[in-house]
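Based on the hints, put chain B in the right spot on chain A.
Residues per chain are reported as follows:
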Amino acid sequence: MLRRVLLLLVIPLAVTAQEVTYDNSVLAPGWTSLTFTPPSPSSYTLASFTPAKDGDVINQLEEATSLHDLYDDKVTLLNFMYTTCTDINGCPLATAVFHKIQQKLSKDPEIGKKVRLLSLSFDPKNDTPDIMKLYGAGTEKHLVDWQFITTKNADVLDPILDGYQQRIIKEYDDEGNYIGSISHILRVFLIDEEKQVRNIYSVSFLHADLIINDIKTLLDPNTKNGTLVAAADTSSKLDAVKSQTSKLSKPGDNKDGYYDSDYESASKSLHRAGKPADLYTMATTKQLGLPEPKFPEGTELTPKKIELGRKLFFDRRLSHTDTISCAICHVPEMGFAHNELATAVGTEGRSVPRNAPTVVNAGFLSRFFHDARENSLEDQVWGPLLAHNEMANPSPGYLLNKIRAIPDYDGLFEDAYGVGPNMDSLSRALAAYQYALVSGNSPFDKWYYNGESNAISKSAKRGFEIFSGKGNCMACHLVNEEYALFTDEKLHNTGIGFKSSMYVEPPRKKVVLAPGIEVDVDTSVYANDSAFRDEIMPNDLGLYLITQDPNDRWKIRTPQLRNVELSGPYMHNGQLSTLKEVVEFYNQGGVTEVGKMKNETISPLIFPLNLTENEVNDLVEFLKTLTGSNMDTLVLDAFAAPVGDVSLKDPNWFHDNKLKY
Amino acid sequence: MKKLISTLYGMLMSAFLAVALVPTQAFSDETCMSPYMAKIVGQEDYVYVWTLGQVGVGDEQDKLVTISVNPNSPYYGQVIGHISVGGRNEAHHSGFTDDRHYLWAATLDTSKIFIFDVHTNPNKPKLHKVITDFVKASGGIVGPHTTYALPGRMMISGLSNNQDFGGRTALVEYTNDGTYVATYHMPHDENLYGATKTGQIADGYGYDVRALPRRNVMITSSFTGWNNYMMNLGKLMGDSEAMKRFGNTVVVWDLHSRKPKKVFDVPGAPLEIRCAWGSQNNYCFTTTALTSQIWLIYEKDGEWNTESVATIGDPAKIPLPVDISITADDKHLWVNTWNDGMTRVFDISNPHNAKEVYTHKIGDQVNMLSQSWDGKRVYFTSSLLANWDKADGPEKMPQFFKAYHYKDGKLEQQFAIDFLKEKLGLPHQMRFGAYSLYAKSPKDGAKVAELSK
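Chains as they are written, first to last, in my numbering: chain A, 1 to 661; chain B, 1001 to 1453.
Derived by calculation from the structure, the hints in this document are not laboratory data.
Computed from a prediction, not measured in an experiment: that's the story for all the values here.
One or more of the hints may lead you astray.
Calculated from the model, a selection of chain B residues having no Cβ within reach of chain A, i.e. all distances over 12 Å [said to hold, decoys possible]:
1. K1317
2. K1331
3. G1375
Okay, the calculated bits of chain A under chain B, using three or more residues with CB under 8 Å as the criterion [said to hold, decoys possible]:
4. 42-51
5. 255-262
6. 592-600
All C-beta atoms in this analysis are idealised placements derived from N, C-alpha and C, irrespective of residue type, glycine included.
In isolation and in its complexed conformation, chain A is listed as follows:
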């Protein structure tokens, strides 16, 4: 007996001489008791991940059968072995573990009768049915069926090995003679009654207690299907939201209070329940405080057009690298703007120097982009689609060809517009969805246009007094008698862009690295960083970039203010985090000089306001009353929109579906 033990030890050492070790010097856990409590049966599920391959085999009675016949209506454990294997953590380990399972489950007939153990040899030459029968002698007296099977020859075996990805290396001595051992990675397969592989065990996992729990989990009707982690169903809670302030308009990864050492996270699930809204009615019905819906000549909205536009808006395949959709920067739950970035990030991480504005109520505007370079919603669509630092499509034709080749757009353009994807139908569709992103009927509207005196607080009413009076805000953020868009759509230099252009970074600055952890960073440490493939620039000359007129330096379009509470950070470069900072910026009269540089083109409408602290707070309270009543409806509708991610049918050079050139 001692001699045999020594042989068991010697053979694995011979293998390590080939500079490779499988961890056979460590005792596998399957030989002993588990040192941890395994998860109890049915407290978890096992995902179903691949069909177990079939193959012709011969059992120990020399009967021809197949793996699928043997899997029929049982939960099966399959291991690959050969009878002369002596690696302590190889086949003998699997055999010992099977032996334990057979003994334990034979005492539990309800489970045991539904289980089959299979040991399949990968050495058909030596392991004939006779040998397999001899090897398995004694196992047949137990309730749990254990069969020792082999194959006719290597031609039959090889496809089975391939199907189960069993890599084997026959081992040779220095003269090139086969030494009778086969190096392989131990794998044992758990196969369910539907012939699906549900778990694979290796040396580290192969333990009778774990496997028995897995078997019980697969036989439990509640867990046998192996569903994925269940989505948190929040729909009922969400439906109950009726408040005027949008409850859903918060980043799912909300970081309010992050700078405090007692910060507590409030991170939401990525599973979120959506609810489609009647966008067509929303687009075509006048809402309190907003103008009558009006569309450019030739535009006739239909539900199909809006739905197509919505699909496009959330489709990441509309960018050159299939990464960025419109909604990646205009995020629905962030006021259809972006709360987590001061300025946007484009394809391949390229820097966009400006803050993503909200697209809600954009349909009422006649000038687009912070520098007003476009004048229709339809035309502006091509700006981000083609900008190198945004969605980076090489040309309109490329993008249209790609959309034509994406199967899930088949017929959608034709149904909506009577033509396939072209420059006109694509831009009209994207505009159609944005025409439906309409949000009025805010508390301010109810108070101001409908006479509901309790719709806003006293503080907000005082704030409006300042907005329209001492604060001079209404000089640019217009309020009409019938409606209010809160913008004159003109361009003004407030000094915020001037400040960025003339700004010299201080030698040190404070940076918050984690909640309650702030360091005073030497800014030169990062002076040389990240200059590759980027066009980052601190200055942004605004309207001047369009007109080349030096008088237009730093002029930026007046933004609308509806839903302004939801769309921070603020200003065209996202440099101000809160509404209070914005009000304080105007209260000090914008920026008239930086160092010795004078802001020569600052708007005459900007001057120190001399607002008191209370007046600043009142003004902020007023701005918070501009949130539309249907924002949660729009957000829920957006949650219900499909996100366009690359599928195997989409055009890609790796796929069968390639764009032809």
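Quick look at chain B alone, frame taken from chain A:
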């Protein structure tokens, strides 16, 4: 050799006796491979470097670069080949399947996973398959990072999601043949999936994943989402909203059931996780990129805990600890700090009190390191993220692969390859290849088989 024919019962009796005689001892690793796979314990023949394409450099696309590192090869110290994969996808980490036949090279931008056949010709890896639909298959997970071998499967940690490109994400499991299996969301405040939130934070972020199978434990760390890791670093440092979006948690999971058990506050972006090898050493290390701490994740009396056990450099200079590597004897932890280009060795004999014992400047910046199983050879690469990397530095070789010998507690450089001069790109993750893994050169281990090919 005499053929043994044994019966099952005879075998079992022998085996049980043998079990009683086999001492339980530690096994080791090249650096940080999954404990489930074959390992190279001798001289490695090749280092495969997963390399980012760079605009204006060579063919501008991501590639797997093969470097000959066996001193017996006439090509020692040279790039012997590369395979370009199309596009700049933010190549990042890579990992072998448990049978070490395939290398899964993941990308953080386009979320593609490139699967290379490394066993047919270890000196000439071949692109075997590309997973292009990772995001769709996984239900919206973006930025596959670690590709960690489990039996017959790969566990992949995501960094982001397709809803807001933030840090909330999940673990995603695939079979070795590239079939999607399941998605396991990181625990977060709205749904902890049964885990205990031990501190104040359950952010749902992800980064690395490692397993300690003997304790049925899986551990994950947390970095940041697409917006931040793709963004220009200077821009990021100036964006106070974006700076709030870094991970502050480590999660301990039940490995078998794939369920999170405990969420720990580990502030400042804990990145790489390396677990001790010793059979009684039930602990792992991680380092926080922003706050420059070494953290210990350890089991005591059956409960898992975390504690900070050392400070790395001067946190006010944000040295940015990146890759780490634990030695086979669990006595030392290598820590690279990217921003100052230093590698640092900490004595972790007492894991609760790590002490810096050696530092060495590797280059203008340094990110990854890989050490051989015996710890005698250490390799370094420079690139961290395409939009975070430095343009240049005083040493005028910002992007490199460098090979060192480590002897008597000191590094001695053997050779360096300038990845920009060679028109290759930005070198990132390294993995070792060897003929011996596939019994391709079993007859004369002293010779490198690329000669006989």
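So, going through the hints one by one against the coordinates:
1. K1317: 6 Å, violated
2. K1331: Holds: least Cβ distance 19 Å, greater than 12 Å.
3. G1375: With a cut-off of 12 Å, G1375 of chain B remains clear of chain A, as the shortest Cβ separation is near 16 Å.
4. 42-51: With 5 residues in contact (Cβ-Cβ under 8 Å with chain B), the coverage given for the stretch 42-51 of chain A holds.
5. 255-262: holds (count 3)
6. 592-600: violated (count 0)
Hint compliance for this structure: hints 1, 6 are not met, and every other hint is.
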